[in-house]
Every structure is written in structure tokens, then in C-alpha cells.
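Peer 1: Chains as they are written, first to last, in this note's numbering: chain S, 74 to 188; chain A, 98 to 212.
To be clear, the hints were calculated from the coordinates, so they are not data collected in a lab. Please note that a few of the clues may not be correct.
[To be verified] Restricting the straight-line Cα-Cα distance to at most 27 Å, the calculated cross-link-like pairs of lysine-lysine (DSSO-like) are:
no., chain 1, residue 1, chain 2, residue 2
1, A, Lys154, S, Lys78
2, S, Lys180, A, Lys175
3, A, Lys154, S, Lys127
4, S, Lys180, A, Lys154
Keep in mind it's a predicted model, so treat the numbers as computed, not measured.
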Amino acid sequence: DQQVKQNSPSLSVQEGRISILNCDYTNSMFDYFLWYKKYPAEGPTFLISISSIKDKNEDGRFTVFLNKSAKHLSLHIVPSQPGDSAVYFCAASADHGGSQGNLIFGKGTKLSVKP
Amino acid sequence: GAGVSQSPRYKVAKRGQDVALRCDPISGHVSLFWYQQALGQGPEFLTYFQNEAQLDKSGLPSDRFFAERPEGSVSTLKIQRTQQEDSAVYLCATDPSGGFGDEQFFGPGTRLTVL
Chain S
74 DQQVKQNSPS
84 LSVQEGRISI
94 LNCDYTNSMF
104 DYFLWYKKYP
114 AEGPTFLISI
124 SSIKDKNEDG
134 RFTVFLNKSA
144 KHLSLHIVPS
154 QPGDSAVYFC
164 AASADHGGSQ
174 GNLIFGKGTK
184 LSVKP
Chain A
98 GAGVSQSPRY
108 KVAKRGQDVA
118 LRCDPISGHV
128 SLFWYQQALG
138 QGPEFLTYFQ
148 NEAQLDKSGL
158 PSDRFFAERP
168 EGSVSTLKIQ
178 RTQQEDSAVY
188 LCATDPSGGF
198 GDEQFFGPGT
208 RLTVL
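Take these sequences, add in the hints, and give me the full structure.
Peer 2: In C-alpha cells, the structure reads:
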């Protein structure tokens, strides 16, 4: 049973517009959420994170929103650029600040930004 | 180098063969994680080390999988008697802070193909 779900396998967006990637989770013990970006033949690279005590975190063009009651988070990229084309993984942790930090990942969403 | 490195990058094994996958972490990083990423899936947790201590091996799929980090630095993931279902990308990730950190730094992965 998947604890972190990314229901859209792919998303296509025009350059300059907003990209919205969604993620749902089922485990109410998750207290930390991260987004990773992955290019082909490379490992995932960290993009942005949010603690469960917040509902928004912003870093440049990237903003993550967390709705705890709905167990839903989203990543907004604005404006989208062709270099943003990659697979985006949502991940969650149930023990942030504790002694164990393994991440539970979704299946990923492939974002294509068209010029 | 500055990042996590893994070797080999690609490994083809015949069914029944033993393989060893190596991870060189970022110097000084306390925590080390191994993940398995099957085609079209997100990374799935295998095992976790804090320095040389293996604190969690709950994700290892069978007793054919074994991981070690004897000196708290380089880690090796060994798979005995490989099966076709072991075909996947094996990712190593490290964290400087003993699991308290904000993000994990991933290596490029080893793509294992079992024929």
C-alpha cells in the first residue's frame, strides 16, 4: 500500500507558465516532506522541503504548500523553464529530528516544459 | 570529489551470480542510506547506517541482500545469487547529521541488470 502517491505520471507545461505538481500521503505520522528532482542517469537532487508545522515554504521560483488536513502537498514552479524538465519525486519522513530519517517516495511525475 | 559516488555505474549479472555495489559518501557524512529504484517507481528504502552501525535493515527484501560499512565511510551492498527481480537502480544517499538533517544527498546510482 503506497503511503506517498503522485497520481499524475506526467505533466506538460508551456515555458513561462506555472507548473503544479501534486502529492498525497496516507500516513499521519509523516512530519517532514521533500521534493527531489531527477534527470536521466543521475541521482535525485534535493529541491525544497517543508516541515509539518508550516503550510508554505518558498525558495526562488519554487514553492511547496502543505495541507495537513487533506494530507496533500503541492510544488509550484513559476515561471517554468525548459531546464525544469525532469522527474519530480515527492518524499516524506516520519522521524525528522529523530534518529532515523529514511524517506518514503512517490512514483514521480515527469514534467516537460515546452519552449 | 564533492558528491556521493557509486561504482560500478552499470552492472550486468547472470542469474545466480553474486554482485557487490560500492558507495563512497561525502566525507564526514554520518548517515548512509541504500535505496532500490525499480523501473517506473520511486526509490524504496533498503537499509540505514549511522557511522559503522547498521541501525535499520528492515527494507532489505531477502537474506540474499547484505550491506556493510565497516569503518563508517565507504559502504558496500552485496546481493548473493542474483535473481531477475533484483534488476533495478541501487541508490546510495548520505546525510551529514545522523538523520537529523534536512536532506539526503544521492549518488548517481548503479543500474543492475540480471539476465
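Peer 1: Confirm or reject each hint.
Peer 2: Comparing the hints with the structure gives:
1. A C-alpha spacing of about 24 Å is found between lysine 154 of chain A and lysine 78 of chain S, which places the hinted pair at or below 27 Å, so the restraint holds.
2. Of the pairs offered as hints, the one joining lysine 180 of chain S and lysine 175 of chain A holds, with about 25 Å between alpha carbons and a cut-off of 27 Å not exceeded.
3. For the hint pairing lysine 154 of chain A with lysine 127 of chain S, the CA-to-CA distance comes to about 31 Å; that exceeds 27 Å, so the pair is violated.
4. Using a Cα cut-off of 27 Å, the hinted pair lysine 180 of chain S and lysine 154 of chain A holds, with the two alpha carbons roughly 22 Å apart.
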